[in-house]
Amino acid sequence: MRFVNRGCLVRGALYALLTLYLIFVLFPIVWLVLSSFKTHYQTLILPPKLIFKPTLQAYEKLLTGGMIKAFKNSLIIVGIDIVLALVFSIPAAYSLARFKTKLGENIGFWFLSIRMAPAFGVIVPLYIVIRNFRLLDTIFAVNISHLLLNLPFAIWLLKGYFEEMPIELEESALIDGATRFQALLRIVLPISLPMVVAVSILTFIFSWNEFLFAFVLTSSSGVTVPVLVASLAGTMRFDWPLMCAVSVGAMIPAFVFVFFVQRYIVRGLTLGALR
Amino acid sequence: MREQYKFLLPSLIVALVVVAFPTVFLFYISFHRWIIFIQGIEFTGFGNFYSMITSREFIKSLQVTLIFVVTSGLLTFVLGLALALILSERLRGQGIIRTIITLPVIVPPVVAGFTWKFLLNREVGVIGGYLLPALGFQKSLLGDPHLALGSVILADVWSRTPLMFLILLAGLQAIPTEIYEAARIDGASYWQSFRKITFPLLKSAIIIALILRFIDAFNLFDTIFVMTTGGPGIATQTLPLLGWKTGFLYYNLGEAAALAVIMLFITMIVSLLLVRRIRQ
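From first to last, the protein sequence lines stand for chains A and B. So the first sequence is numbered by the numbering used here: it starts at 1 and just counts up by one. So the second sequence is numbered by the numbering used here: it starts at 1 and just counts up by one.
Careful: at least some of the hints might be erroneous.
Unchecked claim - With a Cα cut of at most 25 angstroms, we get these calculated BS3-like pairs of lysine-lysine:
(1) Lys102/A <-> Lys6/B
(2) Lys139/B <-> Lys49/A
(3) Lys100/A <-> Lys60/B
(4) Lys60/B <-> Lys245/B
I should point out that these hints are in silico values taken from the structure, not numbers from a laboratory.
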């Protein structure tokens, strides 16, 4: 909506409101980062000192205190998850987009329903299966569960993208004697690279941030970063700087990505509901 | 023809594994007495559903969930819409402002919960321990049943407003500017063109935003778990927390599955009611 000739007063009020909201958004993040550079004693002082001598103590504790394993687990889980999600979702999405059948349409709709299901509902059956296979507390268990949640999402996004793509390019390749598989690999995929990248990053953010599944399925050796944050926040021995440092570490990867893929995020978050 | 089926096969297998299996198995579990560490799985019909629905904790959790979903949903919607309207004006520094507004949605919810727990803490938090007491407010935010629910809502509004903002902004940007120019030439005021142009054209985006937000808030677990774990008492225990407690603290998987089925039906009914409004 563009109303250019609005009074200075309105414009000023808008800026004031925006500034208030931006402070509301940024203050917690800034405070978290600041506190991670404090000593334990400094975090306890109220009123808080705004100028203090920063220390890396909390980060040293994070590196030496055996917590790095959670970060390693998370990175491995996310990495494998992205590869598997792409390998399974690309052919599935392509087949749903190109061969229109009644069954295919229903499958597409079922995929959406998994997003509507309560997460702890999905985890009950999964927990029983994983327990029976004696795979609790392994990276594998977390990976399977994340794949389960990411696949429908990846398929839905890619399907929408493939459907919008002009079909002529593939058709001419098929007439020239290429197989479907070759057409997908050589023609469709290179054009869809932006969406493939976006799907990878959204998978990354989802898997990196996911808490409930990792929490229920692991107890010690398979723990991920969010589980670590929650378990630190749940203990009674509050080591605030350490908790802040771990939280900062947990935020960094997603923040790095967002600056690259902002425009895909809307689409990803809304599951392509808006084009 | 054969090639077509070869290509449909992957999506079929994926659908079976990803969707069909968990759903069917979930329904199966919900009709059985299924408690870990207790031998024997028995068919109980609607037994799990009955004992879940008639328990006092369920009623209380349903109330808490209702308050949480409605309050947080409305607040995020109003804030998101206001921000989207402001940012579709021509402003200086638009790009950077948009990025900052978006940030909280990619902060892991666990971290968002922890951060607000830290800020609102009565002993060491800047807000709960310093700012509010300095203003004469002495109560502990996370220790008082009513205030704790408010605090959880505050953290959720912080972390989820960007989602509403992004969806509504995308909806606003899809409205062609020519319509507004024509309206202005005809002498329409800002409020008139909002009511007669923006609102009707934004309706489907609004409903999609509300559906996604409803599903999101109805199933929210991590933020509340980190901030209060449902406490004090069960003052902030929403249905997902009750489900987690039933299934993974008391190991009564049958009842947890029954609750999940109930929640699935509630989600479907609410979404369908909202979707029907788009069609009209």
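Results of checking the hints against the structure:
1. Lys102/A <-> Lys6/B: Satisfied, since the Cα-Cα distance of roughly 17 angstroms is no more than 25 angstroms.
2. Lys139/B <-> Lys49/A: holds (23 angstroms)
3. Lys100/A <-> Lys60/B: Roughly 47 angstroms separates the two Cα atoms, so the pair is violated.
4. Lys60/B <-> Lys245/B: holds (14 angstroms)
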